[in-house]
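Q: For reference, the chains in residue letters:
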Amino acid sequence: AQTVTQSQPEMSVQEAETVTLSCTYDTSESNYYLFWYKQPPSRQMILVIRQEAYKQQNATENRFSVNFQKAAKSFSLKISDSQLGDTAMYFCAFQWGRAQKLVFGQGTRLTINP
Amino acid sequence: GAGVSQSPSNKVTEKGKDVELRCDPISGHTALYWYRQSLGQGLEFLIYFQGNSAPDKSGLPSDRFSAERTGGSVSTLTIQRTQQEDSAVYLCASGERDEQFFGPGTRLTVL
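Protein chains in written order, with this note's numbering: chain A, 1 to 114; chain B, 1 to 111.
In case anyone wonders, no lab produced these hints; they're calculated from the structure. Hints may contain errors.
Unchecked claim - Derived, one-sided and incomplete: chain A residues facing chain B with beta-carbon distance under 10 Å:
| no. | residue |
| --- | --- |
| 1 | Q44 |
| 2 | L47 |
| 3 | E52 |
| 4 | F68 |
| 5 | F91 |
| 6 | Q100 |
| 7 | G105 |
| 8 | Q106 |
| 9 | R109 |
| 10 | I112 |
Claimed, not checked - List time: in silico SDA-like cross-link candidates among lysine to any residue, alpha-carbon distance up to 20 Å:
| no. | chain 1 | residue 1 | chain 2 | residue 2 |
| --- | --- | --- | --- | --- |
| 11 | A | K73 | A | S12 |
| 12 | B | K11 | A | P41 |
| 13 | B | K57 | A | Q2 |
| 14 | A | K55 | B | E99 |
| 15 | B | K11 | A | R43 |
| 16 | A | K70 | B | D98 |
| 17 | A | K78 | A | G97 |
| 18 | B | K11 | A | Q44 |
| 19 | B | K11 | B | Q83 |
| 20 | A | K55 | A | Q69 |
| 21 | A | K55 | B | R97 |
| 22 | B | K17 | B | A54 |
| 23 | A | K70 | A | A1 |
| 24 | A | K55 | B | D98 |
| 25 | B | K57 | A | G97 |
| 26 | B | K11 | B | R81 |
| 27 | A | K73 | A | P41 |
| 28 | A | K70 | A | D81 |
| 29 | A | K73 | A | T20 |
| 30 | B | K57 | B | L21 |
| 31 | B | K57 | B | V19 |
| 32 | B | K57 | A | Q69 |
| 33 | B | K11 | B | T109 |
| 34 | B | K57 | A | T3 |
| 35 | A | K78 | A | T20 |
| 36 | B | K17 | B | D63 |
| 37 | B | K57 | A | W96 |
| 38 | B | K11 | A | K78 |
From the three backbone atoms N, C-alpha and C, an ideal C-beta is built for every residue, glycine too.
Extracted from the complex, chain A is given alone in its bound form (with noise of 0.2 Å):
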């Protein structure tokens, strides 16, 4: 069975600063994806950023990037010049093959501070 873990409950940081959220997982399989998922006060899960795992480069949106470590099993966050609106739950998740269930870690409770 994957299981993720995300050993950082929760995680504060001053505004442009930059932060990285850990993730490490456990899968047999080698073809999969991760996610970063984030979910602010609203309820709302929002995609962060993807990667699917056959791919060697680090996938990055915007101030958003991920150190993707296969080997390790490690996939890293990290967020660049934060910003106040960057304050929520951010989840890391796995999902073996395509169209498959999400299986997720326990959560970074990230607030930035003006």
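Based on these hints, arrange chain B on the given structure of chain A.
A: Using the frame of chain A, we list chain B on its own:
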């Protein structure tokens, strides 16, 4: 062109009552998922529909939980004889291939 919608937004019920939660997926999406988010258990998968295939019910916590998807579109999650431990946010997502789009969820409170 709307996203995934869920109704009701909030539901308060008494222990032992049945409840139905509705999910309207994005038009054209063949995959539909239900997840539950609770303080004690985090985010957990419940059930998954893919086209006309038999649904994956492996995440349903008990036989009090069931779901159906009519016409490959709208889905209803039914919880019979609700218990206090069923209190949670129920999230629906629809998708194609490798991306899922979530609805705003239904917060269920069982008194």
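Q: None of the hints should be skipped; say for each whether it holds.
A: A quick look at each hint next to the structure:
no.: 1; hint: Q44; result: holds (5 Å)
no.: 2; hint: L47; result: holds (7 Å)
no.: 3; hint: E52; result: holds (7 Å)
no.: 4; hint: F68; result: violated (15 Å)
no.: 5; hint: F91; result: holds (6 Å)
no.: 6; hint: Q100; result: holds (8 Å)
no.: 7; hint: G105; result: holds (8 Å)
no.: 8; hint: Q106; result: holds (5 Å)
no.: 9; hint: R109; result: violated (13 Å)
no.: 10; hint: I112; result: violated (22 Å)
no.: 11; hint: A:K73 <-> A:S12; result: violated (25 Å)
no.: 12; hint: B:K11 <-> A:P41; result: holds (18 Å)
no.: 13; hint: B:K57 <-> A:Q2; result: holds (17 Å)
no.: 14; hint: A:K55 <-> B:E99; result: holds (16 Å)
no.: 15; hint: B:K11 <-> A:R43; result: holds (15 Å)
no.: 16; hint: A:K70 <-> B:D98; result: holds (19 Å)
no.: 17; hint: A:K78 <-> A:G97; result: violated (25 Å)
no.: 18; hint: B:K11 <-> A:Q44; result: holds (17 Å)
no.: 19; hint: B:K11 <-> B:Q83; result: holds (14 Å)
no.: 20; hint: A:K55 <-> A:Q69; result: holds (11 Å)
no.: 21; hint: A:K55 <-> B:R97; result: holds (17 Å)
no.: 22; hint: B:K17 <-> B:A54; result: violated (28 Å)
no.: 23; hint: A:K70 <-> A:A1; result: holds (17 Å)
no.: 24; hint: A:K55 <-> B:D98; result: holds (14 Å)
no.: 25; hint: B:K57 <-> A:G97; result: holds (18 Å)
no.: 26; hint: B:K11 <-> B:R81; result: holds (15 Å)
no.: 27; hint: A:K73 <-> A:P41; result: violated (30 Å)
no.: 28; hint: A:K70 <-> A:D81; result: violated (26 Å)
no.: 29; hint: A:K73 <-> A:T20; result: holds (16 Å)
no.: 30; hint: B:K57 <-> B:L21; result: holds (17 Å)
no.: 31; hint: B:K57 <-> B:V19; result: holds (18 Å)
no.: 32; hint: B:K57 <-> A:Q69; result: violated (32 Å)
no.: 33; hint: B:K11 <-> B:T109; result: holds (6 Å)
no.: 34; hint: B:K57 <-> A:T3; result: holds (19 Å)
no.: 35; hint: A:K78 <-> A:T20; result: holds (4 Å)
no.: 36; hint: B:K17 <-> B:D63; result: holds (15 Å)
no.: 37; hint: B:K57 <-> A:W96; result: holds (17 Å)
no.: 38; hint: B:K11 <-> A:K78; result: violated (37 Å)
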